[in-house]
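Could you put the whole structure together from the sequences, leaning on the hints where they help?
2 protein chains.
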Amino acid sequence: MNKSAICIVLVNTSHPGNIGAVARAMKNMGLVELRLVAPARFPAEEANWRAVAASDVLESALVVDTLAEAIGDCQLVIGTSARGRRIPWPVLDPRHCAEQALRAAGREQRVAFVFGREDRGLTNEELQQCNLHLHIPTHEDYTSLNLAMAVQIVAYELRMQAVSAELPDDACAHWDEPLSTAAAMEHYYKHLEQTLIEIGFLDPAAPRQLMPRLRRLYGRLRLDEMEMNILRGILTETQKRIRT
Amino acid sequence: MNKSAICIVLVNTSHPGNIGAVARAMKNMGLVELRLVAPARFPAEEANWRAVAASDVLESALVVDTLAEAIGDCQLVIGTSARGRRIPWPVLDPRHCAEQALRAAGREQRVAFVFGREDRGLTNEELQQCNLHLHIPTHEDYTSLNLAMAVQIVAYELRMQAVSAELPDDACAHWDEPLSTAAAMEHYYKHLEQTLIEIGFLDPAAPRQLMPRLRRLYGRLRLDEMEMNILRGILTETQKRIRT
Numbered sequence: 001m002n003k004s005a006i007c008i009v010l011v012n013t014s015h016p017g018n019i020g021a022v023a024r025a026m027k028n029m030g031l032v033e034l035r036l037v038a039p040a041r042f043p044a045e046e047a048n049w050r051a052v053a054a055s056d057v058l059e060s061a062l063v064v065d066t067l068a069e070a071i072g073d074c075q076l077v078i079g080t081s082a083r084g085r086r087i088p089w090p091v092l093d094p095r096h097c098a099e100q101a102l103r104a105a106g107r108e109q110r111v112a113f114v115f116g117r118e119d120r121g122l123t124n125e126e127l128q129q130c131n132l133h134l135h136i137p138t139h140e141d142y143t144s145l146n147l148a149m150a151v152q153i154v155a156y157e158l159r160m161q162a163v164s165a166e167l168p169d170d171a172c173a174h175w176d177e178p179l180s181t182a183a184a185m186e187h188y189y190k191h192l193e194q195t196l197i198e199i200g201f202l203d204p205a206a207p208r209q210l211m212p213r214l215r216r217l218y219g220r221l222r223l224d225e226m227e228m229n230i231l232r233g234i235l236t237e238t239q240k241r242i243r244t
Numbered sequence: 001m002n003k004s005a006i007c008i009v010l011v012n013t014s015h016p017g018n019i020g021a022v023a024r025a026m027k028n029m030g031l032v033e034l035r036l037v038a039p040a041r042f043p044a045e046e047a048n049w050r051a052v053a054a055s056d057v058l059e060s061a062l063v064v065d066t067l068a069e070a071i072g073d074c075q076l077v078i079g080t081s082a083r084g085r086r087i088p089w090p091v092l093d094p095r096h097c098a099e100q101a102l103r104a105a106g107r108e109q110r111v112a113f114v115f116g117r118e119d120r121g122l123t124n125e126e127l128q129q130c131n132l133h134l135h136i137p138t139h140e141d142y143t144s145l146n147l148a149m150a151v152q153i154v155a156y157e158l159r160m161q162a163v164s165a166e167l168p169d170d171a172c173a174h175w176d177e178p179l180s181t182a183a184a185m186e187h188y189y190k191h192l193e194q195t196l197i198e199i200g201f202l203d204p205a206a207p208r209q210l211m212p213r214l215r216r217l218y219g220r221l222r223l224d225e226m227e228m229n230i231l232r233g234i235l236t237e238t239q240k241r242i243r244t
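So the protein lines, in turn, are chains W and V. Per my numbering: the first sequence = residues 1 to 244. Per my numbering: the second sequence = residues 1 to 244.
Treat the hints loosely; a few may be bogus.
Examples of chain V residues toward chain W, derived with CB under 7 Å [unchecked claim]: (1) 27; (2) 30; (3) 72; (4) 135; (5) 137; (6) 142; (7) 156; (8) 165; (9) 167; (10) 175.
Read the hints as simulated data drawn from the structure, not as lab findings. C-beta: ideal position from N, C-alpha, C; glycine also.
See the structure below:
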């Protein structure tokens, strides 16, 4: 993703601390372009403090007077909105908005995500300057999200889209040892069974479902070679002790 | 989703303000069960202040001394982790972890998401008490997420999973007027063409690609019936003016 293809626009932010938290949330997810429409106070100490290591995002932030100036160079403008506006507008959740944004950015378009005031969001007039509205599906018990949290969710979705090709959906995709082969597993089960007989835990005359249960247990694990060596070592040691 | 099937566990949180921000992030996404392992200061004024309307989550929070106590009743324990631990553990992004969590909760299992200290996360020993590790794919320029932001992302993913069946992937899924039929569109194009000829903008002898371009434009819009009436009204008025 071209870092500056997507910008975050904050309209009339009251608390500079929120601007700082937004800068950090952006940089954590690889966004760098921040535009501020008539913030109440900026620059401000609290903003730098909350930005922690993202003060560069604050320093390069563009400060303008109107939303129109902030989004003037953008081909896709997405405004965050609570539901239930008088005139319905095209509205999507953060995931689908992120999809649209990255698709547009991939076509060399500039995209703005616009966030409103802490207490009452964007006005209808501002929302009507947007191509698309974004709605975060909060729970009905408490729908008012902190501003920086809303930006964090959107920035996270953009990042997930940008890196989705790299993200494994298999929890064990990154492993340090090669996995055991089926043949090695069979050797292990044989060794295990023999040992269980030797210690008197398994009666070959009445084996019941013991070995199938142990196969199901170890089979689910997908043991790696080092783990296999450890388990085999335990069996070998156990046998030595018993036989002496 | 059964609200209390999934709990958020914070280990050794230094700043009570972060605990409050976590409570708000949780309630915004429909989570209510918070467990605190040896917080530096709690209860605390800053926690209530940052929780805003989620002070009920703080009031019902369980405070315990050890991680083992916090997760004792859980069947699935997911610990947040930066990458690159010495021993690789099963690791997934927030989306896939949320999937697993809701699947487990659907089978009446209790699930814990465990978050570590602000400055250094969870220890290796704590991570080894988890079934699965969660990694948020931050950008390499700035990987250190604020604690409450990390909780917000996870809570958001849980909420997205929980409501995914209800969420429209069509931006215009909720609309107030029925859409125009193809026949109504054809009447409109005919009316438009006639009007453009009357105002002298379209030369029937050399129409070029004007009408196809206008068809492409209005066709993409998927006009509703009220919008259609407005456009037809404009054409009718225009014709009246010209003909007088």
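Query raised in the report: Can you name, in rising order, the numbers of the hints this structure does not satisfy?
Result: Per hint list: 3, 4 and 8 violated.
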